[in-house]
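Protein chains in written order, with our numbering: chain A, 658 to 772; chain B, 33 to 147.
These are computed hints drawn from the structure, not numbers from a lab.
All C-beta atoms in this analysis are idealised placements derived from N, C-alpha and C, irrespective of residue type, glycine included.
Hints may contain errors.
What the hints assert, rightly or not - Sample of chain A residues lacking proximity to chain B, with all beta carbon distances greater than 12 Å (derived):
1. Glu672
2. Ala674
3. Ser675
4. Leu703
5. Leu713
6. Gly719
7. Glu723
8. Arg734
9. Pro736
10. Gly763
11. Lys771
What the hints assert, rightly or not - Calculated lysine to any residue pairs in the SDA-like style (CA-CA distance at most 25 Å, straight line):
12. Lys715(A) - Lys110(B)
13. Lys706(A) - Gly91(B)
14. Lys43(B) - Gln764(A)
15. Lys706(A) - Gly72(B)
16. Lys715(A) - Gly679(A)
17. Lys706(A) - Glu76(B)
18. Lys718(A) - Ala34(B)
19. Lys47(B) - Gly60(B)
20. Lys706(A) - Lys43(B)
21. Lys706(A) - Gly135(B)
22. Lys706(A) - Lys110(B)
23. Lys43(B) - Gln695(A)
24. Lys728(A) - Gln73(B)
25. Lys43(B) - Tyr696(A)
26. Lys706(A) - Gly60(B)
27. Lys43(B) - Lys728(A)
28. Lys771(A) - Ala674(A)
29. Lys771(A) - Lys110(B)
30. Lys43(B) - Thr687(A)
31. Lys706(A) - Asn94(B)
32. Lys43(B) - Glu745(A)
33. Lys726(A) - Gly135(B)
Stated by the list, open to error - Estimated spans, in silico, between C-beta atoms of each pair:
34. Ser660(A) - Arg116(B): 23 to 33 Å
35. Leu71(B) - Thr687(A): 27 to 37 Å
36. Ala674(A) - Glu103(B): 28 to 38 Å
37. Gly83(B) - Ser709(A): 20 to 30 Å
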Amino acid sequence: AQSVSQHNHHVILSEAASLELGCNYSYGGTVNLFWYVQYPGQHLQLLLKYFSGDPLVKGIKGFEAEFIKSKFSFNLRKPSVQWSDTAEYFCAVIPFYNQGGKLIFGQGTELSVKP
Amino acid sequence: GAGVSQTPSNKVTEKGKYVELRCDPISGHTALYWYRQSLGQGPEFLIYFQGTGAADDSGLPNDRFFAVRPEGSVSTLKIQRTERGDSAVYLCASSAGTVLSGGYTFGSGTRLTVV
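Okay, chain A solo, but in the shape it has when bound (with noise of 0.2 Å):
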């Protein structure tokens, strides 16, 4: 079946640390990539977004995602979090053929910093 893993459940980290949040997809065709954020509390929020062209994307809040086609991975990054950055971060896809809508979600990675 098509779908979105993410591959770390829980991470926990110190402030400064280093981030990388893993994303597969298994759909083989073009597709837009995104993702999302929920701090606790609140509702989702776009962090990013990959349509096309440079395959590193720039977000908020200092995050990026590269995005490797051959390894069909969109993994995020943040070469130092903080405390703040403490939510559930979620990797979603549209397959290029279902332009309409329809995300496609992983399973969320929750993640934790310590002070």
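Since chain A is already given, all that's left is putting chain B on it; use the hints.
Just chain B, lined up with the frame of chain A:
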């Protein structure tokens, strides 16, 4: 309003009862989506409206679930004969066009608990 509004924020209902969940999208957003997020999972697509019509309802799990958007703005998700497995957070999102226009804006969700 400034964001996507969902009411109620919490709903507890008895098994077998009927419930309605309301979504008020951002003014002018033509596309509206419903997702369901079960505990420990990413959001799963239910249905997508473009204007008044359901453009894709392939995510509705069975015929107990139905959604309407009669005037192209507010939408109601209706669940008949609720079951304990329907317990989840129901998310609504809206977009000015398709997701290519910049992604969704999500509401804070309705937490449905079926007892």
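| For this structure, which hints from the list above don't hold up? | 4, 10, 12, 19, 20, 22, 27, 29, 30, 31, 36
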